[in-house]
Amino acid sequence: MDAGPVGTARDGLQQAIAQLTDACGPAASADEVIDVLRVCEEARRALDRAVVDATADLQRRGTFAERGYRSPTGALADLLGWERFEARRRVLAAEHVCEQIGLDGTPLPARLPATATLSASGAAGLRHVEVIARLLDSGPARRLAPETWAGAEVQLAAKAGIYTPSELHTWGTQLLEILDHDGAEPDDSPPAQLNELRLSRFRTRPGGKLTGRFDDAALFDAIATTVDAGAAPRDADDQRSSAERQAEALAEVCAQVLSRGRLPETGGRRPQLTVTVRLEDLERRATSASLEFGGQLIAQTLRQLACDAAVIPVVLDGTGVPLDIGRISRIVPDGLRRAVTVRDGGCAFPGCDRPPSWCEVHHVREWQHGGPTALHNLVMLCSVHHRLIHHSHWEVRMIDGLPEFLPPSWIDHTRTPRRRPPPLLQPVG
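20 is the number of the first residue of the sequence shown in my numbering; add one for each residue after it.
Be aware that a few hints might be false.
No farther apart than 25 Å at their CA atoms in a straight line, the calculated lysine to aspartate or glutamate pairs in the DMTMM-like style are these [claimed, not checked]: (1) LYS228 <-> GLU215; (2) LYS178 <-> ASP54; (3) LYS178 <-> GLU196; (4) LYS228 <-> GLU263; (5) LYS228 <-> GLU196; (6) LYS178 <-> GLU114; (7) LYS228 <-> GLU271; (8) LYS178 <-> ASP72; (9) LYS228 <-> ASP240; (10) LYS178 <-> GLU61; (11) LYS178 <-> GLU166; (12) LYS178 <-> GLU149; (13) LYS178 <-> GLU263; (14) LYS178 <-> GLU60; (15) LYS178 <-> ASP67; (16) LYS228 <-> GLU102; (17) LYS228 <-> ASP247; (18) LYS228 <-> ASP257; (19) LYS178 <-> GLU105; (20) LYS228 <-> GLU267.
Here are the simulated distance ranges between beta carbons [said to hold, decoys possible]: (21) GLY249 <-> SER157: 42 to 48 Å; (22) ARG438 <-> GLY354: 22 to 28 Å; (23) TRP377 <-> GLY354: 18 to 24 Å.
Source of the hints: derived by calculation from the structure; they are not laboratory data.
All residues carry an ideal CB built from backbone N, CA and C; glycine is no exception.
Can you build the whole structure from these sequences, using the hints too?
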């Protein structure tokens, strides 16, 4: 960072941090250490407000859009190494407690003026601002008259200096229910049906969980009938619980559909069961492998799956790179896409968790510039990061058969390459 106002401020900040650290050394009293905590919290809130102000300024300038980002949330996450929810919280605050600019260039006051004053004074933190903004964008708040809405914002801001964010949310919800005493207008139409199913893979162990809800009776009946058909006890000695029998029945139905049924294409390929095996494990008669969605397999399950001709084995070398299945074609064939899927496991961009079925395959060296459709020239990207690679100064390259990403210099002036942490395939005895 060059010398100048920012550099001077950074040096002063580092000196202040060093002084605070020294102030809570062994010779300090307990009260002095407590004072350090209070000062640190004051400084954190002030720094958070500085980040919010800087974010609002860059949004007004259009800097993020000029540099290839559709969303300031994504830009902040990449620039500062944040989780997206952290970046989103700052963007939300910038949109509500900072001055805005109208379409004609006229300055507009903050959407939440009382909250903005409180935030600037350090009496409210980012979570307080987020709670107030979301409360005042809720259904009951939107039904209030403008002057009542403004009065509610003043009351919420006043309580933000007293309550924790959770307490403020509870109190604010009650306040809005009281102010919205008439509630929503009666609706004689039948309630909208909600049909949803969520699949999530466990982060720290194999497998995953499914949670769902089906208001559509016909859809639920189709699922329930199918599961029930295979969930009966095998015999009088079957000790499995009803939930265990239903879970295994659903998995069996899915396995049969994968083997003999017809399914829509997902991300450019027909759904199949892909089993990933390390070369050294294969040489040891396959004691370890992993599934694309389900995670690590135990040896017994692997051997059972290996008997099924519908299972597609993919062998990795010692660095986790599948065998190249290069083709002289712009379109990525199914077998080659599988190899890219096994290597990248979804979007390869650091910090992204989009699964393979939501991703596209990108030519690192563009096809029109002579780039081959081969594993060493392909990387899996979700649509957001695929666009980012094409429309910003992010670059992707292949090193030792694996993709890495170089950020633009405005994000990291050293342009240090970034990679997603590689998956670990642990041997299972």
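Hint check:
1. LYS228 <-> GLU215: Distance ~14 Å between LYS228 and GLU215 Cα, so the pair holds.
2. LYS178 <-> ASP54: 24 Å, holds
3. LYS178 <-> GLU196: Holds, at roughly 17 Å.
4. LYS228 <-> GLU263: 13 Å, holds
5. LYS228 <-> GLU196: The given pair, whose Cα atoms are some 36 Å apart, is violated under the 25 Å limit.
6. LYS178 <-> GLU114: 21 Å, holds
7. LYS228 <-> GLU271: 16 Å, holds
8. LYS178 <-> ASP72: The hint holds at about 23 Å.
9. LYS228 <-> ASP240: Satisfied, since the Cα-Cα distance of roughly 21 Å is no more than 25 Å.
10. LYS178 <-> GLU61: Holds - the C-alpha atoms of GLU61 and LYS178 are around 18 Å apart, at most 25 Å.
11. LYS178 <-> GLU166: 19 Å, holds
12. LYS178 <-> GLU149: 14 Å, holds
13. LYS178 <-> GLU263: 49 Å, violated
14. LYS178 <-> GLU60: 19 Å, holds
15. LYS178 <-> ASP67: Holds: LYS178 and ASP67 sit about 20 Å apart, inside 25 Å.
16. LYS228 <-> GLU102: It holds: about 23 Å lies between the C-alpha atoms, which stays within 25 Å.
17. LYS228 <-> ASP247: Given that 25 Å is the threshold and the Cα spacing comes to 19 Å, the pair holds.
18. LYS228 <-> ASP257: OK: LYS228 and ASP257 at ~24 Å, within 25 Å.
19. LYS178 <-> GLU105: 23 Å, holds
20. LYS228 <-> GLU267: 13 Å, holds
21. GLY249 <-> SER157: 42 to 48 Å: Roughly 44 Å apart at Cβ, these two residues keep to the hinted range, so it holds.
22. ARG438 <-> GLY354: 22 to 28 Å: 25 Å, holds
23. TRP377 <-> GLY354: 18 to 24 Å: Cβ of TRP377 to Cβ of GLY354: about 20 Å, so the range 18 to 24 Å holds.
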